[in-house]
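A.B. asks: Each chain, letter by letter, is given below.
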Amino acid sequence: MILRRSAGALAFGAVWAVAAWLLWRSSLPAYHLPHVDEHGLFPGSVLHRAQHYSRVIRLFWIGQTVTQLVVLGLFARYGVRWTRESAAGPIGTGMLLGMVGFALVWAAELPFSVLEVWWRHRYGLSGSYVDATIGNWFALGAKFVALCVALVIAMGFARVRRIGDRWWLPAAPAFVGIATLLAFVSPWLLGGRTFHAPYVPKLERVERVHVPVKVLSGFSEPNAFSTGLGPSQRVFLWKPITEGAFTPPLDRFVLAHELGHLAHNHIWKSIAWYALFALPLAFLLSLAARRRGGMGLPEAVPLVVFVYVVLQLAVLPLRNVASRHMEAEADWSALRATHDPATGSRLFRLFAGQTLEDPNPPWWDYVFLENHPTLMQRIEMTRYYRSYVRSHNHR
Amino acid sequence: MHEPHPVGLLVEDDYRRNRLTVAFRLILAIPHFIWFFLWTIWVVLTSIVNWFICLVTGRPPRWFHGLMCGYVRYQVHLSAYIYLVGNPYPGFMGEAGEYPIDVRLPEDPVKQSRWKILLRLFLTIPALIVGAALAGSTGGNVSGGSSGRRSRTTGFNGGGALLLVCGVLGWFASLGRGRMPKGLRDAGAYSIGYTAQTSAYLLLVTDRYPNADPTEMLVSVTDRPPRHPVRVVGDPYDLRRSRVTVFFRLLLAIPHLIWLALWGIVVLLASIVQWFVTLFRGTPARGLHRFISAYVRYRLHVSAFLLLVANPFPGFTGSPSVYPLDLELEGPQRQSRWKTGFRIVLVIPAFLVDTALSGALVASAFLTWFYALVKGSAPWGLRNLSAYALRYDAQTNAYLYLVTDRYPHASPLEGEDVPTE
Numbered sequence: 000m001i002l003r004r005s006a007g008a009l010a011f012g013a014v015w016a017v018a019a020w021l022l023w024r025s026s027l028p029a030y031h032l033p034h035v036d037e038h039g040l041f042p043g044s045v046l047h048r049a050q051h052y053s054r055v056i057r058l059f060w061i062g063q064t065v066t067q068l069v070v071l072g073l074f075a076r077y078g079v080r081w082t083r084e085s086a087a088g089p090i091g092t093g094m095l096l097g098m099v100g101f102a103l104v105w106a107a108e109l110p111f112s113v114l115e116v117w118w119r120h121r122y123g124l125s126g127s128y129v130d131a132t133i134g135n136w137f138a139l140g141a142k143f144v145a146l147c148v149a150l151v152i153a154m155g156f157a158r159v160r161r162i163g164d165r166w167w168l169p170a171a172p173a174f175v176g177i178a179t180l181l182a183f184v185s186p187w188l189l190g191g192r193t194f195h196a197p198y199v200p201k202l203e204r205v206e207r208v209h210v211p212v213k214v215l216s217g218f219s220e221p222n223a224f225s226t227g228l229g230p231s232q233r234v235f236l237w238k239p240i241t242e243g244a245f246t247p248p249l250d251r252f253v254l255a256h257e258l259g260h261l262a263h264n265h266i267w268k269s270i271a272w273y274a275l276f277a278l279p280l281a282f283l284l285s286l287a288a289r290r291r292g293g294m295g296l297p298e299a300v301p302l303v304v305f306v307y308v309v310l311q312l313a314v315l316p317l318r319n320v321a322s323r324h325m326e327a328e329a330d331w332s333a334l335r336a337t338h339d340p341a342t343g344s345r346l347f348r349l350f351a352g353q354t355l356e357d358p359n360p361p362w363w364d365y366v367f368l369e370n371h372p373t374l375m376q377r378i379e380m381t382r383y384y385r386s387y388v389r390s391h392n393h394r
Numbered sequence: 000m001h002e003p004h005p006v007g008l009l010v011e012d013d014y015r016r017n018r019l020t021v022a023f024r025l026i027l028a029i030p031h032f033i034w035f036f037l038w039t040i041w042v043v044l045t046s047i048v049n050w051f052i053c054l055v056t057g058r059p060p061r062w063f064h065g066l067m068c069g070y071v072r073y074q075v076h077l078s079a080y081i082y083l084v085g086n087p088y089p090g091f092m093g094e095a096g097e098y099p100i101d102v103r104l105p106e107d108p109v110k111q112s113r114w115k116i117l118l119r120l121f122l123t124i125p126a127l128i129v130g131a132a133l134a135g136s137t138g139g140n141v142s143g144g145s146s147g148r149r150s151r152t153t154g155f156n157g158g159g160a161l162l163l164v165c166g167v168l169g170w171f172a173s174l175g176r177g178r179m180p181k182g183l184r185d186a187g188a189y190s191i192g193y194t195a196q197t198s199a200y201l202l203l204v205t206d207r208y209p210n211a212d213p214t215e216m217l218v219s220v221t222d223r224p225p226r227h228p229v230r231v232v233g234d235p236y237d238l239r240r241s242r243v244t245v246f247f248r249l250l251l252a253i254p255h256l257i258w259l260a261l262w263g264i265v266v267l268l269a270s271i272v273q274w275f276v277t278l279f280r281g282t283p284a285r286g287l288h289r290f291i292s293a294y295v296r297y298r299l300h301v302s303a304f305l306l307l308v309a310n311p312f313p314g315f316t317g318s319p320s321v322y323p324l325d326l327e328l329e330g331p332q333r334q335s336r337w338k339t340g341f342r343i344v345l346v347i348p349a350f351l352v353d354t355a356l357s358g359a360l361v362a363s364a365f366l367t368w369f370y371a372l373v374k375g376s377a378p379w380g381l382r383n384l385s386a387y388a389l390r391y392d393a394q395t396n397a398y399l400y401l402v403t404d405r406y407p408h409a410s411p412l413e414g415e416d417v418p419t420e
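Going down the list, the protein sequences come from chains A and B.
Number 197 in numbering that gives the first Met the number 0 belongs to position 198 of the first sequence; there are no gaps in the numbering.
Number 74 in numbering that gives the first Met the number 0 belongs to position 75 of the second sequence; there are no gaps in the numbering.
Keep in mind that the hints were calculated from the coordinates and are not lab data.
Take these hints with a grain of salt, some might be off.
[Unchecked claim] Covered by chain A, according to a simulated footprint, are these stretches of chain B (three or more residues, beta-carbon under 8 Å):
| hint | segment |
| --- | --- |
| 1 | 235-244 |
| 2 | 252-261 |
| 3 | 313-326 |
[Said to hold, decoys possible] Here are the simulated SDA-like cross-link-like pairs (lysine to any residue), alpha carbons at most 20 Å apart as the crow flies:
| hint | chain 1 | residue 1 | chain 2 | residue 2 |
| --- | --- | --- | --- | --- |
| 4 | A | K142 | B | I257 |
| 5 | B | K181 | B | S219 |
| 6 | A | K142 | B | E2 |
[As the list claims (entries may be wrong)] Some chain B residues well away from chain A (every beta-carbon gap over 10 Å; in silico):
| hint | residue |
| --- | --- |
| 7 | I47 |
| 8 | E94 |
| 9 | D107 |
Idealized CB from N, CA, C, for every residue including glycine.
I would like the entire structure built from these sequences, with the hints used as guidance.
C.D. replies: Structure follows, in structure tokens:
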């Protein structure tokens, strides 16, 4: 029995590793980034401001994470008492318990959200106390819906007698299916007005991606993202990135980066990475649930929610590695499409001043919090591109 | 069980209405409006003096007490007349026992807590909110002079949601039949009774807080209506509320609201099929009846949870006998084809009453939220007012979706079996 399980685990590990290797493959060359000193790139005042600002933001993150773990730990221990507040069946009661757990976390994290707004205001960044409290409240509602759907799937399968504790086998694909559906549908729900610029058609031709480019209002920071699958693919630019200090060449570089994501199928790859993590995580959750009688019982939910959050935290570094790899490929794609490393470098330097992102964060921040390459890595990438082009032209 | 409220409603109305006076009721009431306006100004001024004296002595002087009682009673008589809760033309002095819709008030001034006197205006705010939802800003037609520093008067304010709807619908019914329907009369009387309690509290006639429980207000002064096939059952003393789930109640209800909306779409389609079946067969299809009944029950459960009328998180199937506030529904019965054919039109008056009651329900939930967060329980009166509103909503839905052809009964009292001879 043990031998069979070990062989199964080994086979699964091998398949997982092969899949991860396939997903890891990219158009990035085997590169080695040249070292650049940040003090030579950023004025001392900008660097100091960004570092000081980020240092406290990191403390808030630690505080929030510890609070979340403590609250959910206590909830895992004592949360079962809320079953008496339910007249629903096991699945409905499980949903109630899950929602109450998240609600308690929300309440405990609220001071950090408010403090973060206060800290942002100190540095002249935008932030609203209403958004941090009431806005967060609505975000919590959306989280509740997602949680309930997940619990309905997991508990629903677990309560099927023939499936039982193997609920994670059908549940993981179901989660992936929902994630795919959301990725497909969400671009149509976001709206936005069409972005017009003379360089858009040329960039699309170079990147071989023809998708609508939209501008979203209601944001106070410069940002952009690409999303969607097949016919729903879109690039969204947050309004601040199309105005002020962001000149057309900078916007062109941003757009090239986002089109690069779509050109290299990063949305599909993100879903695939999600799928790769979903199966083992769901399995580990099923192990945790067995300690409380199995996932089919509401009593298991508080513990499962706690274990889920711990596992999410544990795999965060791995997910960030995958995400950073895709971002680097999109940067590389933008450099190849624009042939303008100087603009790329200027854009990343501007980010440090505008968003107060630390160009060179400490290692643990890099591991846990950075799902993009650091600003220094991105600037180094532009330098590397220069030498890469030079050496290839020379050949 | 607690002591009866010192301000009690008295009803000796026989439902008969004179069509002529009904038709011209508002015009006939003009002298009363003028008189009431003048009286209100006088009461506002004197209530300030009364407040200061009460603050010092702990009880209102007898003369002031008599004046305030007369004013509250006159307000009841006039409201009842305008909104067709009573038939005869009222007197101008608010005399006790002169009108079929009357109130019992404390004969003598009573000792009151000075703290409550000091804070009376602020303490009255929740009651004013409920009163506004039932009958206008403070009482049927009146408003209030306050005994605080910032006395105000709004005079005649045109009535509030429930009382106004009862008055308008009652006007048509009384013109047509020469009788006021019992349900509308009772609902109107309840609204007037509650606002009389609020006025009495505000004007320092009593320091007992208004009690929104409709049963306590009416059960001893009027008959119960006949038993309705759609009945709400539950323990009115089930008042415990979990503070955590109360605080997050709106968010916790989101999955239910989504499910309710999805189920509602299917029920709408099913009820169209049911309409044809009932029209041709005269009896609804059993399977559809069961399906729609479960939806109506589930809707009640979700509303009860969302609006803090009950505590536990409800199930998603609308199963009977699992929720503390439940709905009893009868199986498919033979229905009148005429009523079935015109159901969508016939339901309109019930919808108006239902909408008016929804205002009271929301106001009640809003206040209960704060109360439950502090005390960990729901106030008894508001809980029972909400249960009444939910019962009417369930009866309206059951009527609309062809679960029954018995019209919703607006009386705040739950029905009882009519004894057979």
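A.B. asks: Determine for every hint whether it applies to the structure shown.
C.D. replies: Comparing the hints with the structure gives:
no. : hint            : verdict
1   : 235-244         : holds (count 3)
2   : 252-261         : holds (count 3)
3   : 313-326         : holds (count 7)
4   : A/K142 - B/I257 : 14 Å, holds
5   : B/K181 - B/S219 : 15 Å, holds
6   : A/K142 - B/E2   : 47 Å, violated
7   : I47             : 39 Å, holds
8   : E94             : 51 Å, holds
9   : D107            : 47 Å, holds
When each numbered hint is compared with the structure, a violation occurs for hint 6 only.
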